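*Asks:* For the protein sequence lines, the chains are A and B, in the order given.
Residues 4 to 201 in the numbering used here are what the first sequence spells out, letter by letter.
Residues 99 to 430 in the numbering used here are what the second sequence spells out, letter by letter.
A portion of the hints provided could be inaccurate.
Listed next, the in silico DMTMM-like pairs over lysine to aspartate or glutamate satisfying Cα-Cα at most 20 Å (straight line) [said to hold, decoys possible]:
id: 1; chain 1: B; residue 1: Lys383; chain 2: B; residue 2: Asp394
id: 2; chain 1: A; residue 1: Lys163; chain 2: B; residue 2: Asp127
id: 3; chain 1: A; residue 1: Lys163; chain 2: B; residue 2: Glu126
id: 4; chain 1: A; residue 1: Lys163; chain 2: B; residue 2: Asp122
By construction, these hints were calculated from the structure, which means they are not laboratory data.
If you're wondering where the values come from, they're calculated on a predicted model, not measured in any experiment.
Residues per chain are reported as follows:
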Amino acid sequence: MASETGGGTIDAARRRRTAVWVAREILPHEHRVRAWLRRSGTTADDADELIQEAYCRLAMLEDVDHIDSPYAYFFSIVRNLLVRRLKRQRIVPLETIAEIDAYHDDRPSPEQLAAGRLAYGKALDLIALLPERCRRIVQLRKIEGWSQRQIAEHLGTTEKAVEKQVWLGVRFLRQAWSRAEQDADDLMSGIEQRGGRG
Amino acid sequence: MTGQSASEIADEAAAWVARLDAGDWSSEDEARLDQWLAADPRRRGALLHAQACWVALDRPAAPGRAAVPRRGLIMAAGGALAASVAGGFLWLARGTTYRTELGEIRRVPLADGSTATINSDTRLEVILASRRREVRIASGEAWFRVAKDPARPFVVEAGQVVVQAVGTAFSVRRRDGGADIVVTEGVVQVWAAQADGYRTSLVAGQSAFFGDNAAVRISDASPSAVDRALAWRSGAIDLSGQTVAHAVDDFNRYNRRKLVLADPRLAGEQIDGIFRTDDPEGFAKALHDSFGVALDTSDADAIRIGHAKNISDVEGSSSPTSLHQHGKATRP
Numbered sequence: 004m005a006s007e008t009g010g011g012t013i014d015a016a017r018r019r020r021t022a023v024w025v026a027r028e029i030l031p032h033e034h035r036v037r038a039w040l041r042r043s044g045t046t047a048d049d050a051d052e053l054i055q056e057a058y059c060r061l062a063m064l065e066d067v068d069h070i071d072s073p074y075a076y077f078f079s080i081v082r083n084l085l086v087r088r089l090k091r092q093r094i095v096p097l098e099t100i101a102e103i104d105a106y107h108d109d110r111p112s113p114e115q116l117a118a119g120r121l122a123y124g125k126a127l128d129l130i131a132l133l134p135e136r137c138r139r140i141v142q143l144r145k146i147e148g149w150s151q152r153q154i155a156e157h158l159g160t161t162e163k164a165v166e167k168q169v170w171l172g173v174r175f176l177r178q179a180w181s182r183a184e185q186d187a188d189d190l191m192s193g194i195e196q197r198g199g200r201g
Numbered sequence: 099m100t101g102q103s104a105s106e107i108a109d110e111a112a113a114w115v116a117r118l119d120a121g122d123w124s125s126e127d128e129a130r131l132d133q134w135l136a137a138d139p140r141r142r143g144a145l146l147h148a149q150a151c152w153v154a155l156d157r158p159a160a161p162g163r164a165a166v167p168r169r170g171l172i173m174a175a176g177g178a179l180a181a182s183v184a185g186g187f188l189w190l191a192r193g194t195t196y197r198t199e200l201g202e203i204r205r206v207p208l209a210d211g212s213t214a215t216i217n218s219d220t221r222l223e224v225i226l227a228s229r230r231r232e233v234r235i236a237s238g239e240a241w242f243r244v245a246k247d248p249a250r251p252f253v254v255e256a257g258q259v260v261v262q263a264v265g266t267a268f269s270v271r272r273r274d275g276g277a278d279i280v281v282t283e284g285v286v287q288v289w290a291a292q293a294d295g296y297r298t299s300l301v302a303g304q305s306a307f308f309g310d311n312a313a314v315r316i317s318d319a320s321p322s323a324v325d326r327a328l329a330w331r332s333g334a335i336d337l338s339g340q341t342v343a344h345a346v347d348d349f350n351r352y353n354r355r356k357l358v359l360a361d362p363r364l365a366g367e368q369i370d371g372i373f374r375t376d377d378p379e380g381f382a383k384a385l386h387d388s389f390g391v392a393l394d395t396s397d398a399d400a401i402r403i404g405h406a407k408n409i410s411d412v413e414g415s416s417s418p419t420s421l422h423q424h425g426k427a428t429r430p
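Just chain B, same shape as in the assembly (with noise of 0.2 Å):
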């Protein structure tokens, strides 16, 4: 190790991320690098830092051309949280009932430190009592980063199925017939009301269907599709290699003005890009550059996808030819 300070050694990094940016860099370079690289391992974090700080400036490469600008994510992130303070909760006698209307989504922290971010569409009742925290979840879904008190379980009930967490990180969305849950951190247990002897352990990283009937599917996504899968809670609908009417369905939970597939040959197209819950309008546009398909925004309360009736409306229409030429989108 040198005998160099820490910013030292950062300004001579951001000389190294400089002469990198110069375009002449030659194996010699390359060399000398490795040299002052070897010489003290402080360094090494120091050109990563100085680097990021460089590479932070270049426009974040968009999952296909089909993503939104970055800076409209977080407007829509904001403007989702916004439109929740609109949406009212309720007190009932035994705990506090939150409810989101279509397309809110809110994040509500609860007395004992846990936090609640509650998706679209949800009613959900919270009971902190003294032994036990409890949620209900009457419809919809939500993702919980709970505050750790091995005294008091938390526990979330969707219907028949029941997972308890002590300290960790999860989220529950209630279905027909059962629940979905993914584990972004630690592990929960879950079981069937029904059949509170027979409990599963989920650990961060998986996901699962559990059936009222007790029926478990689970799978071990990657930490990615966990990201992917929850990242309702910032307002964007993250699809990566996804389908078109799996898209659409997500689309649908959030909007009044749904998307109809009217093309049934883009159904099991698949797509990628990041996208602002509350525009099913981008996404259809994206559709729409991405396999040259019509719109029809006539009607305010749907958007229609691949009907060609109302052709003189999209601008530009393309030819079928332009089908993929932008790469943005991947056959199955």
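Chain A extracted, bound-state conformation (with noise of 0.2 Å):
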């Protein structure tokens, strides 16, 4: 664990506790707001640029307790940043702003929502997916819960190449998360769908 000092404690603790529950509530349906992106037409480059902007409104926040739904928070600042950007385009027609609201965004249902919340399996199965050294080392870290220096004296290299090892597998796992097909859902909506109609 890193040991912060000074007036960074109390940023560094705050940010920490965005992060776990960013982990926890939205990464899992970050997919969900990226496929909702592509069917109103932005491009992966615009919508990287949306979601980051909105991680950003989220990092502002001096605390989340208060977000009780924090898919649908999430996702009403996406949305409302693409209308902003639309906005100011100009050249776009009044329409495709109108229509925006069409495009159905798949809402995660309770039930997802508390799948979403067990996005430790999730994760889990993630680091199986990464390039053998960094999954060893990710894996040393996470789950032996070693030191960056005792995975370094393990394998005899240098606390710089573990470092390095951790960041490509932090890069590695964004992209992951934002790819994330719907498996952790599908276990559920199989099930949903076979519900009666009222």
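Please assemble the complex out of the two chains, which come individually in their own frames, going by the hints.
*Replies:* See below:
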């Protein structure tokens, strides 16, 4: 664990709290927001920017405890950012903006949200996809709980080299989450669809 | 703002997360990070995103050792919903009647786009008419996410208590002498059937008990408390400082095998943790671990908690000194 000092401590603690919340509530559903952006005609690069900006909004929050539907909250940030962007572009016909809300977002059901809260299981699956050396180091760090230094000693390499593999791991995981397919949700949805009609 | 692309920023953010993780973080590092963050507002979001990806690999902090592993919860939710498919529903002349068995939790899409998530041991009837959408709860509890349709108000009747929404989400639980209402989104209006003139509005985050005689008890719960109260939707019982007696009642709503509190001293103890609704055994085991109480599991229909008779059934039964030693149980 990083040892934080001085005024940075509070900031760092807040950053970490928000990150844990994002990992639990948002990350597992990020692909839904991306799918919605795709359907509304947003390019992949623009989607990256919008999502990054939306995370930025979350990072600004003092506190996330008051947000009772995190997915809906995140989705509405992205939606508003998209509308703002389209309005700025001017050449976009007004109907496009009106149409935005017609694109159905596959809002997660309470069951899927609960599944999202089990992001940990999904995260473990993603580790398995890492390139071998990187995977080994991430496993030692996160599952075995070794420090980067211990890992470096164990593997007979430098701490910098371990840090670099962690960097690659974080990069890879970020991409994997944004691509994440619906598998976690599919567990539930097949069953729901068989529910009765009123 | 820098001229960097989103993915360049994201890569730098990942490098910061690796650096933060290294363990020799210094105040100079913190200063450099602050500088980096200050140079472009987008970097804050990228850092949060990268950090979230990294902490997602940390085993979630269980709220006390009493919690079931989170993987267990997904199974529970899946199990409860799978079980629900088996439950039948009857067509009546006027509408559709849904009935759930003890322990069954079912999510039903309605033809108007709304959904009803129906809790254990519940019976309700849905009538979707052209001017009005109506649900009558004969017994039990359900949570509704109502599709917006201003021309057709969505009305739930639980005995004498009537709750009306246009587009919103809320739960209604019928009880003896009234109903509990929890609003998760938007606004609902509530009134007693006999006193239609007097309506009360409840907004998101509020919950209330409405008596058949129009007596009202409103409480402003925190968002997380609302989520906890509705944890049953995903097949979970989420306890945060509730008493053991309250938790026992909750489990007994879902299971044939009843929990029996044989040691009254336990009733007022507070407990934290997330459990599957269909796992009273797990909860009893957690009490055993937390409080060192004996369990009698010899009866297929009941689990007696705090009964010392069958102490040999309990593996490694603890001495009284082990009470609270793990700090997962809190005293009032």
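*Asks:* Check each numbered hint from earlier against the structure, then list the numbers of those it violates in ascending order.
*Replies:* none
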